[in-house]
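**Student:** From first to last, the protein sequence lines are chains A and B. Here the first sequence is numbered in the numbering used here, starting from 205 and rising by one per residue. Here the second sequence is numbered in the numbering used here, starting from 5 and rising by one per residue.
Just so you know, the hints here were simulated from the structure itself, not pulled from any lab data. Some hints could be false.
What the hints assert, rightly or not - Which bits of chain A does chain B cover? Going by a derived footprint, with three or more residues having C-beta under 8 Å, they are: (1) 209-222; (2) 229-237; (3) 257-265.
Glycine is no exception: its CB is placed at the ideal position from the N, C-alpha and C atoms.
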Amino acid sequence: MNWLRELGRRIWMLAHRRQFDADLEEEMRLHVEIRQQEHLQGGMQEDDARAAARRRFGNVTALREMSHAAWGWEWLEHFAQDVRYSLRILRKSPGFATVAGLTLALGIGANTAIFSVIESVLLSPLPYPEPEQLIAMKQNDSLQNLIDIQRQTRTLSQGGGVNIEAMDYTGGTEAIQIPAAYVDAGLLETFRVPPMLGRIITPNEDVKGGPRNIVVSYHFWQDFLSSDPHALGKTIPLSGSDYTVIGVMPAGFALPREHADVFVSLWVAYPEAAPYRGVHFMRTYWRLKPGVTLSQAQGDISTIDRRLAEEYPDNERDRETLLVPLQQWLTGDVRPALLVLFGAVGVVLLIACANFAGLLMARAIARQQEFVIRASLGAGRSRLIRQALTESGILAIIGGAAGLLLAKWGTNVLVSIKPAELERFSGIQMDAHVFLFVFGISLLTGAVFGLLPAWSAARADAAESLKECARGSTGGRLSQVLRQLLVTAEFAFALILLVGAGLLIKGFSRLRSVNPGFNPTNLMTMHLQLPATRYAEIPPQTEFRRQVLARLNSLPGVDAGMVTDIPLGGNYVGHSFVIDGRPPVPVGAEPETQTLSVMGDYFRVMQIPIRTGRGFTTMDREGQPLVAVVNEEMVRKFFPHENPIGARIDWSRREGPHQWMTIVGVAQNVKHSGLNQPVDPAVYAPFSQSDEAWRRWMTLAIRTHGASAEFIEEVKKQVWSVDSQIPVSEVHTMEDLMGVSLAQQRFNMLLLGLFAALALILATVGIYGTMAYRVGQRMDEIGIHIALGAQRRDVLRLVLGDGAKLAFFGIAIGIAGAIVLSRVMKSLLFEVKPTDPATFSLVTILLAMVALVACYIPARRAMRCDPMVALRYE
Amino acid sequence: MSRGADLHRDEIPPGTLYLLILKTLARSGQMHGYEIANSVQRTSDDVLQVEEGSLYPALQRMLIKGWVTAKWGTTAGNRRRYYQLTPAGLKQPTLERTQFERVIGAITRVMEAV
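Please build the complete structure, drawing on both the sequences and the hints.
**Tutor:** Structure representation (structure tokens):
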């Protein structure tokens, strides 16, 4: 308690220290006055009396300082002095302060931002209970296989499957499509997230002909059930049937990758698809039993795979199910990119710290004289060191504060340009721990490299050092070597980053210049889905399509066609097929192709050139001979040495006799699955000749010059004038879809490019700083050279040679490092080798030029050196 | 460190300054610095010589510890800063004294052992 009261008094004194100082001052003065008075009365002379009184009192200044020290705030006052002094010094050298502060801010800010994203994506737990038990199967599966695995497994406790299909919600003012999850009863159970209201679908409801029950997402509950707490038991009209709400999931719940507004039993909502073993359309998620390892489960699943393959060779012959931990599976695609970025960020931090260190050292060496003078004037070593620390600490704090702003801003920017794969990680924020960590590192750098010179100054023999300083020494061999090492390292790191960025830029430009196989400008796409209730048969579907196309094409300046799945839209239907006249292929081993149904003059609308033969005409319709157009890849793979025109193909495993389609044309390849994806064989066939009534969806491809909001409304109006219950969804311009396809690569390239630019700037500042400093130190030497008749050329060579040595070593080491490290980027590069010689040489030349310029500026100063001035300092 | 004319006087043993100030104030209520200095010399028959200024750091420390308080007053038209013991300060002489006696005891023992 006593110390608390004492602390209180100390703080009070600190707050009133001016008053206390004044009191003490006056008190002491009065004391001496009284004593002097006494002496005068004792008969002394005025001067003697004052001297005697002073003598008797003691050293007033020292006593005042001692009294001051008694208050216990000496350290604080020293600190405040140091801070004031440091600020004054920094203000006097704004260039140094700005560069050092910026260096740190960039290092700290960029690191924190990137690492925050990496942490939330790669390291943060999934939003499900016991997330470490959750695994995904890499391959999709069918419900029948899923049920068999659920029955047979000994290592998995729970599991379920999901397939996302669009359903038409007709309960609102206009028909809209919502994503629906067709699930089995095991799926929601597996994630162990309890519903907010009601219950989830139970196994005894998940049967053919079971009750039409539905679990809705929080968003659906909010948007369409107006957050009604009594929503349970209400009915919702979906795709022509009424479903009863039995549960509402909580706000935070989402499936790992799929987006779904409602959850229905596959057996109930889509009983046609449920019994097919061979159609692997469900994504499955599983839970490991407690204590079971992934490899044990993998062994278990492989056994079940073999069993299924033996039992159902037609469909399951090539089963090879792979289990992946859910977290890894989710981040799989962005993982390499984020790790490369993480590495890049680490390198930038290293460069930033090296630069900061170099700056501090150069500065400290330049100020050695000041330190030595202060030491010889009696400044204690601890005081000198404290002052040096304060200075680098202040710099670190200024840099850190700027870095904090940069980190906040950078994280937001990253989040706003994040690739689609990161969409589900909505809560990405700047991470305070990360910031503190990075800030700590830069503080430490500041401390270590700020201390070094103060330490050596405090230890040095003052007289020797003063003499040396007067002669303009280069300030210690050790620190000189250290500085050169720092610059060399900066160059090496910068080169590695530049190579990485260069490779990505090259890959990206390759990707951008990839011909998608069609003309994406002025092209709009929209998705339409026909409800099964009224369009179960092909004739009404064909009628609908014809009418819609006819109406759209009657609009001025509009050219419209139809296809099942538009290129770059992310979907396609695959079929196995047979070629007429070829030896039979065993069931289960038939070749696969994409199949696209089209209507209207699709090839002309998309501007997909027909290489040989012809496209479709209005004559290719129901009742006419069946025709198909294939792509070049199909020809390359399956008709390499023959003319495909006239050949006949059909889907395999047809019930009943084959209905051969005759190939009438070959279309140019189209990048259907993404610009960086290989082209698969594809077969186009008219919608109207199809016998697959389940192809109830279509994508409009509309070429028009006026893709405005009014135009979109006009298209919708035309569609609804044919059938007012048909939802129009996924309205995109083709250029948007191209952008999505490029987004991930653009993200990688932008970020790494940014880092490389940063690294380049920092390294340039580093080498410039070093060279400028070295020239300053050697001015006298250069002066002597000039006095002895050296030409400007010689001086230039002297200085540039100095810098070139550093740059050369840095670049050489960097090239070696880049060759080793760029391999990790292989998966991020599109059609570029990680050791691409062009990129390497370009980057090397760039870096060499930068080094040259950075050295040339100080070299020019050296050339202008007046020998008389330089020599006078000797 | 006193010099010159005051060399014949003995310096006070370290750490005893508090004790002297406390005893002085305990005896005479409130005093200003000059009076305390004079009083210390007088009561020790001018044997103990305080370097007068060193009273002030000691007084500052005692202010912090809360043993004394200080306030300005006027005597015969002159401003003086008076120090006065607090209740906590009143208890201090005994405490400081035992400490002092322990030191003196130790010194005496050393002297006898030689």
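**Student:** Now, for every hint given, state plainly whether the structure supports it.
**Tutor:** Taking the hints in turn, this is what the structure says about them:
Three residues within the 8 Å Cβ limit are the bar, and the segment 209-222 of chain A against chain B gives 5, so the coverage statement holds. Interface restraint, the segment 229-237 of chain A with chain B: holds (5 residues with C-beta to C-beta distance below 8 Å; minimum three). For the segment 257-265 of chain A, the stated coverage by chain B holds: 6 residues have a C-beta nearer than 8 Å to a C-beta of that chain, and at least 3 were required.
Checked against the numbered hints given earlier, the structure satisfies every one of them.
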